[in-house]
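Here the protein sequences line up with chains L and B, keeping their order. Under my numbering, think of the first position of the first sequence as 96, with each following residue one higher. Under my numbering, think of the first position of the second sequence as 96, with each following residue one higher.
Among the hints, a few may not be true.
[To be verified] Only some residues are given here: those of chain B computed to face chain L with a beta carbon under 8 Å:
| # | residue |
| --- | --- |
| 1 | Tyr108 |
| 2 | Glu111 |
| 3 | Asp125 |
| 4 | Cys129 |
| 5 | Ile130 |
| 6 | Lys132 |
| 7 | Gly133 |
| 8 | Ser136 |
| 9 | Ala139 |
| 10 | Gln141 |
| 11 | Ala144 |
| 12 | Asp322 |
| 13 | Arg325 |
| 14 | Arg328 |
| 15 | Asp341 |
[What the hints assert, rightly or not] Taking lysine to any residue pairs in the SDA-like style, the calculated list, with each CA pair at most 20 Å apart, reads:
| # | chain 1 | residue 1 | chain 2 | residue 2 |
| --- | --- | --- | --- | --- |
| 16 | L | Lys307 | L | Arg290 |
| 17 | L | Lys194 | L | Gly159 |
| 18 | B | Lys132 | L | Leu376 |
| 19 | L | Lys132 | B | Leu321 |
| 20 | B | Lys132 | L | Leu321 |
| 21 | B | Lys132 | L | Arg439 |
| 22 | L | Lys404 | L | Arg290 |
| 23 | L | Lys205 | B | Thr112 |
| 24 | L | Lys588 | L | Leu376 |
| 25 | L | Lys132 | B | Met484 |
| 26 | B | Lys209 | B | Leu227 |
| 27 | B | Lys283 | B | Ala434 |
| 28 | L | Lys425 | L | Arg439 |
| 29 | B | Lys590 | B | Trp409 |
| 30 | B | Lys404 | B | Gln501 |
| 31 | L | Lys273 | L | Ser288 |
| 32 | L | Lys307 | B | Cys129 |
| 33 | L | Lys593 | L | Arg439 |
| 34 | B | Lys571 | B | His391 |
| 35 | B | Lys132 | L | Ala315 |
| 36 | L | Lys231 | L | Ser216 |
| 37 | L | Lys205 | B | Lys571 |
| 38 | B | Lys132 | L | Val375 |
| 39 | B | Lys132 | L | Asp327 |
| 40 | B | Lys410 | B | Glu437 |
None of these hints come from the bench; they were simulated from the model. Every residue gets a Cβ at the ideal spot worked out from N, C-alpha and C, and that includes glycine.
2 protein chains.
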Amino acid sequence: MQHPEAYRRLLDYSRETALYESMMSLLGWDQRTCIPKGGHSHRARQIAALTTLLHQRATDPRFGELLAGAEASGTPGGTLSDEAVNLREWRRNYDRAVKIPEALAVELAKAASKGELAWQSMRRENDWGGFLPFLKNIIRLKRQEASALSNGGEIYDALIEQFEPGENAGGIQVLFDKLAGSTFELLKQIEASPRRPDLTVLHGDSPISAQKSFVGEVIARLGYDLDAGRIDRSAHPFTSKIGPGDVRITTRFDPNSFVTALFSSIHETGHALYEQGLQVLHWGTPLGSPVSMAIHESQSLMWENMVGKSPGFWKHFYPAASKRFEWLRKINIDEFLFALNEVRPSFIRTEADEVTYNLHIIMRFELERMLIGGELEPEDLPEAWSAEMQKYFGLVPPDYSSGVMQDIHWSGGAFGYFPSYALGNMYAAQFYAKAERELGDLQEMFEAGEFGHFLGWFGENIYSQGNRHQPHGLVKAVTDEDLNPDTLTHYLKRKYSKLYEL
Amino acid sequence: MQHPEAYRRLLDYSRETALYESMMSLLGWDQRTCIPKGGHSHRARQIAALTTLLHQRATDPRFGELLAGAEASGTPGGTLSDEAVNLREWRRNYDRAVKIPEALAVELAKAASKGELAWQSMRRENDWGGFLPFLKNIIRLKRQEASALSNGGEIYDALIEQFEPGENAGGIQVLFDKLAGSTFELLKQIEASPRRPDLTVLHGDSPISAQKSFVGEVIARLGYDLDAGRIDRSAHPFTSKIGPGDVRITTRFDPNSFVTALFSSIHETGHALYEQGLQVLHWGTPLGSPVSMAIHESQSLMWENMVGKSPGFWKHFYPAASKRFEWLRKINIDEFLFALNEVRPSFIRTEADEVTYNLHIIMRFELERMLIGGELEPEDLPEAWSAEMQKYFGLVPPDYSSGVMQDIHWSGGAFGYFPSYALGNMYAAQFYAKAERELGDLQEMFEAGEFGHFLGWFGENIYSQGNRHQPHGLVKAVTDEDLNPDTLTHYLKRKYSKLYEL
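So that you can see chain L by itself, here it is in the shape it has in the complex (with noise of 0.2 Å):
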């Protein structure tokens, strides 16, 4: 392939911005995994630093003009050409960079990682007016990033744009109140129903290492690779690129169910199996990285939810785990996974269940749209929190910390976030939908410990993609249809109405 001499230099610029990115990535890893007490103050001074040099890399004035040159010299191959795509999202990451002051830039990037270490101990201690001022602060520092990034209409959709190229809360809206509505009728038949899971079966001696190896089992089946990648414990699991060949993830165990372990485990892994499948060669260039959040997202629920809760998979898995867990030998595995998917409406996002987690999300998003909008000040935050629960769940938090203050995503800034989770839950049911009607019955090939189809599926039609398509471009590419609730709500319906017998 003969390229232009600048859209070469654009390659080599792009990877060795990435090569920074990247050790941006082991510092938040090791902040997050090994630090000791001591080190942190100097690791933001460092993130700090790097923070500012890869802002200057994005917003380099020499950068512009070999983009621009590149742009002039057209690009042959078409719209979707390896060419066209990466030259489309340098621009687009660079018409967002240099709108932001680099001091802001740097500004915001203390901010967060004080926000997320005072949310870290003030979350334990249910301390929210300790909290505040740091959600105050980042706050601010967010909606002058929004302004500073909005093309006009509402600003938060500057945020969103971030995470979610080609998304706004306006198109948000619509789906989620579509999807609201279809939850709100589920959930009544669900309470409607006489059935009721046992939960004590989820529960029962699980040592911690043999959580480890049954996880560590589960785990390379469903196509992790280990020797590219490690686990870790952390307070909060999370996955990390730390470069090709170097993705880590994380998790927690809780001696008493080795439940806890597995599904933040596999979650993790569904992110870890996307990052392992975008292609080296196109490394440090949007053709080698992912879509967006949503799409990130729809591969963590997708594998823990739709793969990892289903009877296919744990009528494979359930003989290695009884091996190791013998209080599982007296338990009927359609017992077992009828706890797994028991649907009940609760304080905690990461402990919900895939048909109120949206719920969750829901209420997240209007309540951050308000946020940088303007329309809600923090210190009015709970009090909206309690409304919002009690709109959607009928439940009011007893603290802060099983409310407000359960989510790290805001005290580091992460505003726009969270409509990526729903986004992707929808994303993830029409994937899956479109991979069993071109590979047939995915149930039986997990019930035969047979991931490997599944996996190279995604790996051939999104993981190998990259940024080929934006993500309505991919759903639309992949499945033939635009991104919608429907077949979510078709494959909620249809599971839960199995297992409530409604």
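Got chain L; can you put chain B on it based on the hints?
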């Protein structure tokens, strides 16, 4: 304090550079403790990128101009004032850095990274033929570097100067000849003694968890702050300063003897105490940095041998050790101490006793001096190694792994480093003797579990001084003596005369 503008900007610049250097530390720490197999090639690229950045910063003409400006405005406080010291070291480092072309700096970093990796696997396989091309490459590059840096005379001097400001091969040779002479004399006496320790007393069931708890207790008592550090496992123990408040050590465990983990941990703790004792206020400037590798190794070797293998230390810690390792209860403490301090010519440097250790260093110094000077070619190294072993120990190694391939240093390009160990032993003996003159009977203190005064003396006289003095100046300022091997010889003679009843 009123700094002229140029000096203030130099401080900022130096600290920012140090932030990037501290990212390099994290990349290196992770590479040797956590990285998955698949992550190595990306890590090499990260290191190369950061090396380029650091080289650019170290040679930036704007830095040179600021430096010249600050020098021109003079340093009112005399040659040992904060400003004078920082300017002196910045000048030294800048003048060295600008002599090395960027391409060479990057090529060296890559060759070092590849060389270390090759060494790790090939040493295990005793594969000298496989390793030789890597070594040849790194020696070729180090000769180039040494030539570029050289101020005339022996080019090897320029590599020594990197680790030991003010030192050169000729001066070291004089000290080493003297040290070798007294060592031979002592060894002859020891060999003539009928006393031999019973080494079986060092071995017994040592569960890893008990080792971890014992090691943790010991190093905390010595003064290592575990809230500002952590201990991990690695094949080759090392200390890594990620930043102030974050100084990490590693160790390795032998299930049949806690002694391996204990002494490798105390050795690294010696390094860590120095790093933790530097002034945070001066972090990122020469005043907040260690003087030299010999002073660094003086601390690791002193804490390991002069403290950790002394009677006072064991009178204090023997009960704690016996509580965890039951087999110790049947063993007389004097027998244990004698076995710990056995003197015997052997193949492996890191396992050598205090007396023969210096001979290991002296022979490496002689070999690398010839290698860099071009009097010895890498392909002839095994033969030369055997000849030196024969000369100093009367032994010939049975294979490459326990001979020429045993050390990591050369594989990573650390030529000029080895002398630091034996110089370190000399410095250590002089500092220890002076501390004892000022503080009183150190063995009595150790026996009482009191290490704080001793650590405090080093904190005040050495650690907190950073680069105020160069190594020769430091020993003069602290002990009122020039660097010499006599105090070390005296210490060794006294200690081993007692043990071997000479």
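Could you grab the alpha-carbon distance between L:Lys404 and L:Arg290 and see if it respects the 20 Å cut-off?
With a Cα-Cα distance of about 18 Å, the restraint between L:Lys404 and L:Arg290 holds, given a limit of 20 Å.
For the pair we were handed, B:Lys590 and B:Trp409, check the Cα-Cα distance against 20 Å.
holds (15 Å)
Take a quick look at whether B:Lys132 and L:Asp327 sit within 20 Å of each other, Cα to Cα.
OK: B:Lys132 and L:Asp327 at ~16 Å, within 20 Å.
Cut-off 8 Å, beta-carbon criterion: hint that B:Glu111 touches chain L:
Check passed: Cβ of B:Glu111 comes within 6 Å of chain L, closer than 8 Å.
With chain L as the partner, please determine if B:Cys129 meets the hint condition of a C-beta pair closer than 8 Å.
holds (7 Å)
At a threshold of 8 Å, is the proposed contact between B:Asp341 and chain L supported by beta-carbon distances?
holds (3 Å)
Within a Cα-Cα threshold of 20 Å, do L:Lys273 and L:Ser288 meet the stated pairing?
violated (23 Å)
Next pair to validate is B:Lys209 with B:Leu227; report whether the Cα-Cα distance is within 20 Å.
holds (12 Å)
Keeping to a limit of 20 Å between CA atoms, is the pair of B:Lys283 and B:Ala434 held or broken?
holds (19 Å)
Restraint outcome when B:Ser136 is required to lie within 8 Å of chain L by C-beta distance:
Holds, about 7 Å.
Pair hint L:Lys132 and B:Leu321, alpha-carbon separation not exceeding 20 Å:
Holds, at about 9 Å.
Between L:Lys425 and L:Arg439, does the CA-CA distance stay at or below 20 Å?
violated (25 Å)
Hints 1, 9, 14, 16, 21, 24, 25, 28, 30, 31, 37, counting from the list given before, are not met by this structure.
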